[in-house]
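A.B. asks: So the sequences go chain by chain: A and B.
Under our numbering, the residue at position 74 of the first sequence is numbered 80, and the numbers go up by one with no gaps.
Under our numbering, the residue at position 97 of the second sequence is numbered 257, and the numbers go up by one with no gaps.
Worth double-checking, as some hints may not be accurate.
Claimed, not checked - In silico DMTMM-like cross-links for lysine to aspartate or glutamate, where the CA-CA straight-line distance does not exceed 25 Å: (1) B:Lys994 x A:Asp64; (2) B:Lys829 x A:Glu99; (3) B:Lys824 x A:Glu99; (4) A:Lys34 x B:Glu974.
To be verified - Part of the chain A face toward chain B, derived, beta carbon under 8 Å: (5) Asn19; (6) Ile20; (7) Met61; (8) Ala90; (9) Gln93; (10) Pro112; (11) Thr126.
Claimed, not checked - Computed, partial: chain A to chain B, Cβ under 8 Å: (12) Lys91; (13) Phe108; (14) Met109.
Don't read these hints as lab results, they were simulated from the structure.
From a predicted model like this one, the values you see are computed outputs, not experimental measurements.
Note that CB positions come from ideal geometry on N, CA and C, so glycine has one too.
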Amino acid sequence: MEKRVLVIEDEPNISEALRFILTRDGWKVDVSADGKSMLGVLQADPPDLLILDLMLPDLSGFDILKVLRAGDGTRELPVLMLTAKGQAADRVEAERLGVTRFMTKPFANAEVIAAVREMTAP
Amino acid sequence: MSFNMLVLTCLAYVILLFVVASAAERAASEGRAGWLRSPVIYTLSLSVYCTAWTFYGAVGFAARSGLEFMTIYLGPTLVFVGWWVLLRKLVRIGRENRVTSIADMISARYGKSNLLGVIVTLLCIAAGAPYIALQLQSIAQSFTVFVSDPEGASLAGNPTLIAFWVAIGLAFFTIVFGTRTLDANEQHPGVVTAIAVEAVVKLAALLAVGVFVVWFVAAGPSDILTRIDAQALPEWEIQPGRWTGLILLSAIAIICLPRMFQVTVVENTDDQHLATASWAFPLYLFLISLFVLPIAVIGMELMPAGSNPDMFVLTLPLYLGQDGLALLSFLGGFSAATSMVIVASLALATMVSNHIVVPLWLKVRAARNLDSGDMRLLVLSVRRLSISLVLGLGYLYYVITGGSGALAAIGLIAFVGVAQMLPALLGALFWRGASRTGAALGLVIGMGLWFYTLFLPSFGPGVFLSAQVMEGGLFGQSWLRPYSLFGLTTLDPLLHALFWSLLLNVLVFCLGSFLSFPSPMERVQGALFVNIYDRTGPARSWTRPVAEAEDLLPIAQRILGVSEGQNFFRAQAAVQGKQGFLPDITAEFLEALELKLSGSVGAATAHAMLAQSVGTAVVSVEDLMAVASETAQIMEYSAQLEAKSEELSRTARKLRDANEMLQKLSVQKDAFLSQISHELRTPMTSIRAFSEIMMDSDAMSPEERTHFAQIIHDESIRLTRLLDDLLDLSVLEHGQVQLNIGPVQLRELLDKAIRSSESVQASRKFRILRSRDPEGIEIVTDAGRLTQVFINILSNARKYCIADDPQMQIKVRERKGMVEVDFIDNGAGIPRDKQALIFEKFSRLTDSMQAGGAGLGLAICREIMHNLGGDIAYVPGQGGAAFRVSFPRVLTPRDASRKAARSQAEAAE
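The following block holds chain A by itself, in its conformation from the complex:
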């Protein structure tokens, strides 16, 4: 069965790039520019992987992660967090909140794919 990934990213060009490389790797890709509207969807029908930007309008990546880790269905959901802020403190905070992988922008496409594969390996 085709694996599903949800990309929450407010920069359209970046989400377009992610969509392209993930699709090429065989994923079914959904994209959203904000996380707030996605919370319900995530809880009701969690994807196989979530790629989450940190700096978002309304709810931040941290807020979303916190909600996910508190929900029954999403506690184990693999989450790859991407951020352009690049501060060490953010990585520490993300790991404290239970992120699966943390990567800074700009990223190498191959690294994202490798990380995604590793995170979803059975």
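Please arrange chain B on chain A, whose structure you already have, making use of the hints.
C.D. replies: This is chain B only, laid out in the frame that chain A set:
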């Protein structure tokens, strides 16, 4: 001899004196002034008592009133020979208390009362003026007598003019001499040495004239005595009352005259010098008065009738063709006058600055809450001004009185004036009950009577007191006649004034002292002054130890602290070869303990405490006084400490504030860097991702390829614009921007801005409503920068205005030299909670890239407007988004420079 020659001689003499003074000063400052501090120099400097009055006036006095001139020398002689105990006490107190003048002495004794200082200063100035006038008069007279040269006649024939120039010269001389530096003790070794030289010159001159008269004009001593007998006139008879009064007066004067106080007390370096002076100064007086009578008698015999006897010392040698001797005599008189003027004006200037000007100045500064700053220059300037003032007053007295009075009469007026200080001064030295109130009342009463009965009448009838008052008394009351107060008609004016002023002065002084209650400060000062010799020095020894070490240890611990007290006792015991904390109570131990304690509580307190504990000594009143004064010092010190610590905590608070601000700035900087990083990394992420895609994807449609290349291109431009904005902002924020100021029409700028902004979402229709009329104004500013702001606002409107029929209204208004341009669109406007944020850096309201900018646009606009001396603001409640741009119609560089201060203030918020 020509007038000019005479002036040159005087100048040469003054320069000589100046050289001597400078050499002495240098020697003193280099510490090799042993010879300067000899009793001989001290005695010679005392001769400042002998002024031009002595030099010229004594002969005149003798010619007019016979032997009476002797009284002026007898008084001081009696004081120096018979009452030098008083002088010694005066000198000791003066030195121990670092007294700077007679005013300082009296004010210090009576509780450091500045009121008394002011009264005494005023009295001394009033009494000093006639005395200085006397010197000016005598120098002027000596010039006119000496010069028979028609070439200088214009000046030589005008004594007032000569007196004027002499006053100016002396003021200059005294300023140069006496106010070169500021010494805490007010000692002037240079001046004293110069005065000593002058003392020798005047004595030598008078002796030379005397010897010439006795042995060369007359035929020796016996001949002179015969001639004196032959001259005997009725008024030569001794009047016992007048003699007593004059001797008393001159005795008082030698103690109270400000200049005598200066040389006797203030300039004294060793009280042993008084022992020498007690015989040497009377000897000097004897020598200087020795030939007065012979000169007077020969002068009366030989000189033409009507010649001024005051000038015999000078005119006699001249008349007899002895020009050299006459010149020497002239220099002697010049010396006598100058030495008096220099010392007197120095002493008076010290009083004026210390008791009147400086306290006033400090009060004014305290009222304005200013630091007192460096007082040295102020004090020196005040001294210089005061010297000029004192000499000016002397000259004024000379001019008003017409310079006609006999020299001796003028001097005696001054004597009676300074005599008013005697009761307060004697009380200070010998009577502990004397109080400030008594002293002040006595001084004021005595001074008032002296003014009324002697000083004012001395100007002559009609100047200050009308002839009517002189004859009929004040308000027509005959008992108020200045010369016969309370109906006392039997005394001559001088004695009359002396009698009443001193009598009432003493009475009021005593009554006031009995009836008033002295302050603690007065009591302490009184005890210290009166019992100056009783106070034992710090070297007191312990003879009869009674107390036990057990008793002393707690005392020591209480003062030194427990462990330090124990350590001290153990160390002392160890010195005595004992174990433990309890040494034997030996004299050595007690002395060591006292020394140790005095480090904490002061010597007197330590002594009193131990004396009590040991029980050997009775604590005297003086000990208690010393304790009190020590305590006062400690309190003052602790008050100073308190002030210091307050200052320190103020500084600490300032530092804390500065630190907080720095931390705030540092946080701001971190946030800014983090934002920049985000803004840079975001486009770079797209660029990298798509370039990698294009590199490793073989199968890609040309449309896709073009699309991805387009994204890379757009994101590169976004990066470049971000960097440009950042650099622009940095330049604007630091005020380093080069403004290109010039005249331009506002309408042109708006046209250009609208054209430039049309490229943003060019497909959308966007209506702009303008009012052409007010736009026509001419402005002077940086057109490029202002256009940049307009473009930014217009572009934002094009991007964000979501109305179906987007339009913008531009309104222009001019008010008080400021131009306001409002840009109002018909969109949704900016939410209230965001209005404050929009001008901050990176404050994009929507995080979408569609906006295109990095959120720096409005921040840049605000910086630009500040640089242009104006502002940009959001105007709420206008329907849509509304921005108001305001700026001065004519920008001057001053408006622009205000910007720096403004940005700094904002950074601190």
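A.B. asks: So, against the hints stated earlier in the document, which numbers end up violated here?
C.D. replies: Violated hints (numbers, rising): 4, 11, 13, 14; every other hint is consistent with the structure.
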